[in-house]
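The sequence shown maps to residues 1 to 625 in the numbering used here.
The reader is advised that the hints may include incorrect statements.
[Unchecked claim] Pairs of lysine to any residue, SDA-like flavour, derived with a Cα cap of 25 Å:
1. 410 / 379
2. 17 / 150
3. 359 / 410
4. 403 / 470
5. 254 / 229
6. 339 / 359
7. 458 / 470
8. 172 / 200
[Claimed, not checked] Derived CB-CB ranges, DEER-like:
9. 424 / 297: 26 to 34 Å
10. 166 / 4: 56 to 64 Å
11. 457 / 301: 30 to 38 Å
12. 408 / 76: 31 to 39 Å
13. 421 / 603: 51 to 59 Å
14. 187 / 409: 33 to 41 Å
These aren't lab readings, by the way, just hints derived from the structure by calculation.
Computed from a prediction, not measured in an experiment: that's the story for all the values here.
Where is the CB? At the ideal position from N, CA and C, for every residue including glycine.
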Amino acid sequence: MDSNQLFKYVYAKYGLKFQPVVPGSTSTYVLMSPVDSGYFVMLSRGQNQPVLDLKCGSMAALLLDLPGYTEPKRIKASDWVGAILDSASDDSLKKALDLAFKLAMNGDEVNIAQDQYFYIAPDKVDDRYRAQKIKPRENFRKKHNTDLIPDRIKKMLAIYDYSILPSRGRAKNFYQQAKLMADYDDNYSEFFAFKRFYPTYHDMNTGQLRSYFTWRSKIRQHVFEKTSTSYAFVYIYELLNNIGVADPQAGYGKLLEFEENYVQKFDLSIDVYLQDWLKDYVLYYGLDEKIIKQRFAAEIKRDHDYEILHHPENFSAQELAKVFAKKTTYWQTSKIINKNEALFTKLLYCVWQELLDAKKYGIAYYSAFVGKPDIIEKLIFAGSVFYPRKRQVANQEIDAVRKYHCYQGKWQIHCDQQVKRQRVNLNNFLHELDRVARKEFKLGRSIKPRFIDQAVLKAIEAGIAKYRIQEKQAQLDKIKIDFTDLDQIRANASKTRDSLLTEEEKKLEQAETQPVEAEQTLDETVNFDNDYALNEHEMFFLHALLTQQPWQEYLKQHHLMASILMDSINEKLFDEFGDVVLENDDQDQPQLVADYVDDLREMFLKGLNYATKKKSTEKNRANCA
Numbered sequence: 001m002d003s004n005q006l007f008k009y010v011y012a013k014y015g016l017k018f019q020p021v022v023p024g025s026t027s028t029y030v031l032m033s034p035v036d037s038g039y040f041v042m043l044s045r046g047q048n049q050p051v052l053d054l055k056c057g058s059m060a061a062l063l064l065d066l067p068g069y070t071e072p073k074r075i076k077a078s079d080w081v082g083a084i085l086d087s088a089s090d091d092s093l094k095k096a097l098d099l100a101f102k103l104a105m106n107g108d109e110v111n112i113a114q115d116q117y118f119y120i121a122p123d124k125v126d127d128r129y130r131a132q133k134i135k136p137r138e139n140f141r142k143k144h145n146t147d148l149i150p151d152r153i154k155k156m157l158a159i160y161d162y163s164i165l166p167s168r169g170r171a172k173n174f175y176q177q178a179k180l181m182a183d184y185d186d187n188y189s190e191f192f193a194f195k196r197f198y199p200t201y202h203d204m205n206t207g208q209l210r211s212y213f214t215w216r217s218k219i220r221q222h223v224f225e226k227t228s229t230s231y232a233f234v235y236i237y238e239l240l241n242n243i244g245v246a247d248p249q250a251g252y253g254k255l256l257e258f259e260e261n262y263v264q265k266f267d268l269s270i271d272v273y274l275q276d277w278l279k280d281y282v283l284y285y286g287l288d289e290k291i292i293k294q295r296f297a298a299e300i301k302r303d304h305d306y307e308i309l310h311h312p313e314n315f316s317a318q319e320l321a322k323v324f325a326k327k328t329t330y331w332q333t334s335k336i337i338n339k340n341e342a343l344f345t346k347l348l349y350c351v352w353q354e355l356l357d358a359k360k361y362g363i364a365y366y367s368a369f370v371g372k373p374d375i376i377e378k379l380i381f382a383g384s385v386f387y388p389r390k391r392q393v394a395n396q397e398i399d400a401v402r403k404y405h406c407y408q409g410k411w412q413i414h415c416d417q418q419v420k421r422q423r424v425n426l427n428n429f430l431h432e433l434d435r436v437a438r439k440e441f442k443l444g445r446s447i448k449p450r451f452i453d454q455a456v457l458k459a460i461e462a463g464i465a466k467y468r469i470q471e472k473q474a475q476l477d478k479i480k481i482d483f484t485d486l487d488q489i490r491a492n493a494s495k496t497r498d499s500l501l502t503e504e505e506k507k508l509e510q511a512e513t514q515p516v517e518a519e520q521t522l523d524e525t526v527n528f529d530n531d532y533a534l535n536e537h538e539m540f541f542l543h544a545l546l547t548q549q550p551w552q553e554y555l556k557q558h559h560l561m562a563s564i565l566m567d568s569i570n571e572k573l574f575d576e577f578g579d580v581v582l583e584n585d586d587q588d589q590p591q592l593v594a595d596y597v598d599d600l601r602e603m604f605l606k607g608l609n610y611a612t613k614k615k616s617t618e619k620n621r622a623n624c625a
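Make the full structure from the sequences, and use the hints.
Structural data, given as structure tokens:
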């Protein structure tokens, strides 16, 4: 507020004009009381910022704590305070001017319940006319006739403390008056309407006060009637301050009763405020955890989605997919995803976990594109008339994401805030996952890429590779052989076969079993220590192929499958060769890839005399023949 705006405001509000201290001066002005002509405001305008000195009595010391207020520039007295026009807020300046004007008009007395008046100075003074009292109208007399005011209401009006600044005094005065009137009942036959923002008892005249307390008496008898919205708010304010109830739990019940029987039936405009205040109520008064969970059901549901997105490892792939279906349009509209939902559910789970690993890809994807952890400050019972009395309010953890902390009359709410363009970000991510998956798994036609961070693309590719490994391992795990009755089956089969063989066939079979001794010799001489994590069966199988020894009987005795051993050896040696080292020949039998035979002999024979072994093998075969 500049000095010109100040001049206009003072004249419009109080009917007073700033007067120069010295006629013709433009640097110093004063406001003079119409009662005794003493000045109570002084404005100093110079080269520096304009400063307003105000006579605020005992409140001057408190005003010094407000931003923009300082020691008075010209009047060095304890009951004066200075305000820098360019720094002090307009609202605080207006309140300070009100206080200074009341002091000037009432002879430094601010605790005035009646007979306050407003002075409007005439433009010209004419001695021929004198001010005369206007006879009040009958309705006005009826509303303000002190003979009709009950003693309790008179006492309530008298305890209003004008010395407290309105910013805090309004709520404190309401609370003090409400405590006095907590058990008051009235039975007033007339009704006076009431309309006021942030209404209190102090804003009502006698007829309105009696109308309100009569209506409240009926409410307490469970009789709900339509009334002025401002009266309904005053009743809610009483309950928020725990007026007229035994404890907070009882107050919560009264609020729910009023919501059901009055707000929902007569005035839904109140509901948007009441729902917010009910949340503050259960937290501020520390009601049962079950009640808190019920009141914050919507927030908990929302936070659960963010918890799944932020920590998918604690949830299932299906739960993650449901969140994406809720927060994106792409998951529902993509035909390829719909046709292959099971595949994309698993892909999404692998890729999303990979993407959230910021250390790998140097991008904090969740906080940048999904939800940003934040602290929101909010007044407790914002928009109501509430006087905080509790010195300490317990911290409340609503869920794993949302926490409430009370500090200086405000809630500090810790939660995840949705980032801008969240839906667009997630849709773009799904589009690129769909595009890469189509290429990798041959699903439908290719689609054009969208602009997206390269780190996200790398995470998608890595996640798909991780999915392939998991699926391959899952297929291996599914191969289970039940050996419970295997020995008995073999015995029965052998007995049956022996009964069908001729004597000549039996002799040939005995001769074929002789090379087993050479195999056992090989089994005993193989060195199973290696740097490639091959187990003893894999080492035997690889040595047998390298030395051209028989391996079929060994695998049969140990219940092994050649194809599984080949896959395992190829996987463990892939990092060394960058290729498979074992493959099937035209007869679908295992063989070494020719290009890697020499390298494998160097790595695994470890000094074993290959030529000697080969001769021994040929000799055994000749003996069998």
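Numbered hints the structure breaks, given as an ascending list: Result: hints 2, 3, 4, 6 and 10 break, sorted rising.
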